[in-house]
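Those protein sequence lines, which keep their order, are chains A and B. The first sequence begins at 690 in the working numbering and counts up one residue at a time. The second sequence begins at 281 in the working numbering and counts up one residue at a time.
No lab work stands behind these hints: they were computed from the structure. Among the hints, a few may not be true.
Short, incomplete list of chain A residues facing chain B, as computed with Cβ under 10 Å [as the list claims (entries may be wrong)]:
1) A790
2) M791
3) S800
4) M863
Note that the structure is a prediction, hence the values are computed from the model and not measured. Where is the CB? At the ideal position from N, CA and C, for every residue including glycine.
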Amino acid sequence: MAERIPEPVPAVALSGIRKSYGSVEVLHGVSLAAHEGEVISILGSSGSGKSTLLRCVNMLEVPNDGTVAIQGEEIRIDRRAGRPPRPSDAAQVQRLRSRAAMVFQSFNLWSHLTILENIIEAPVHVQGRDRKDCIAEGEALLERVGIAAKRNFYPAHLSGGQQQRAAIARALAMHPAIMLFDEPTSALDPELVGEVLKVMRDLAAEGRTMLVVTHEMAFARDVSTRTVFLHKGVIEEEGSSADVFARPHSERFRQFLARA
Amino acid sequence: MHPEREAKLHDYVQLMGFAPGGWGRDMLAATGLTVAIAACGFLTSVLLGALGAAALLSHLSILRAAGRLYTTVLRGIPDLLVIYLFYFGSSQLLALLSGGSGGFVGAPSFLTGVLAIGVVAGAYQAQIFRGAVQALSRGEIEAARAYGMSPVTLFRRIVLPQAVRHAIPGSGNIWQLVLKESALISVIGLVELMRQAQIGAGSTRQPFSFFLTAAALYLVITFLSGIAFRSLEARATRGIRKAV
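Turn these sequences into a full structure, and let the hints guide you.
Pasting the structure below:
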């Protein structure tokens, strides 16, 4: 019998997250924790609140209620009545954001910087790391995602798949505790989806902690350790990916799978 | 060459030459003053334009209103009128400050001229800079925030370099406008290229020689500065997909 070890601190813990826009509430109290090494797929039809939930992790959206903690550190939020909620400590948010690197649907590489410059930008100018080290590491990361030859190109000269792989390298360069993927393959031509998913599979295989909002059923089923299905701002189904795909409990998730 | 034509050419070279009796030295000095007015006026317009754009993009409605007032009024009245207002306005102000003896106090014409031109051009620059900032991709700004950039870092590293890139073509046009508007400063007695050409034309009764020479000199300046702006633009627009 293994000794009982204390519960480890999750890389990200969301608790009771509510988010509304005006009078419309899009998240009705969602709780989700990602532990180290977990790959969690967040599924849901459009309007289910899945992207909003992911954006609450790094405060691109500030939840109206509930808490967000990154590696056990709770982000302090100012929720005085009469104005939109906002983080009370900008420096804390900036520090925690660089531990939760995000990969966007539309890549969002900085268009005036070369691919290599994109990768070292935040490590040098946000984390204050040594430029030479960052360049060496950046080149290794580009090698890894298979676009080392493009390091001096500008984003506009790369295909969507190459841009997204560069964006993943940019995220890796932050040495993040968790990686946030916001529909990373949704803006890609079908023939380019595979090259991005392959990089993500490799990352999952090496034990990276990942939170992935996606429409890729195969990725959710075969790669992610856990799958969460969000419907109208509520978690409808949650469990190990093998379980939820083999034996879905919720009728809505069954319908969702049937349509996918 | 036809002897008569050769004689005319010889006369022209004498007229615009640097020998005693030639106007070359005066014309070149006036050209230098024109470039100096235009350069100072342009720098003033960049400063005022940056402030104006900051006001137009501000979160505070009072600043936005002030920015709109500035750009609307200064773009809406003739430049010559602005120059007169600046010149006579500052003359009266100086007279008032010097004790109000009632006499006319000449305002420093270089300074008032540069300010008048800079204020007008600044109103156009403000709109160009505002557009340049608004042309930035929301997603890139969001990525900068998501990667932990502070507002200052975000402005310095992402917003500014891209806004400059978007603003250069429009700003290059303003430079050409400012250069040509410097000719209006001649009305307040500054002997820049336009005024110098008038003086030469009047005293030699050879208006065409002087005005055509002035026109050629203006063209040389715009041509050279055009090259400078294009190379700046080429440098700054690296990374934008070219039509291949």
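Evaluated hints:
1. A790: The hint holds - A790/A has a Cβ within 10 Å of chain B, the shortest such distance being about 7 Å.
2. M791: Holds: closest Cβ of chain B sits about 5 Å from M791/A, inside 10 Å.
3. S800: OK, holds: S800/A within 10 Å of chain B, min 5 Å.
4. M863: holds, 7 Å
Figure legend: structure checked against the earlier numbered hints; every hint is met.
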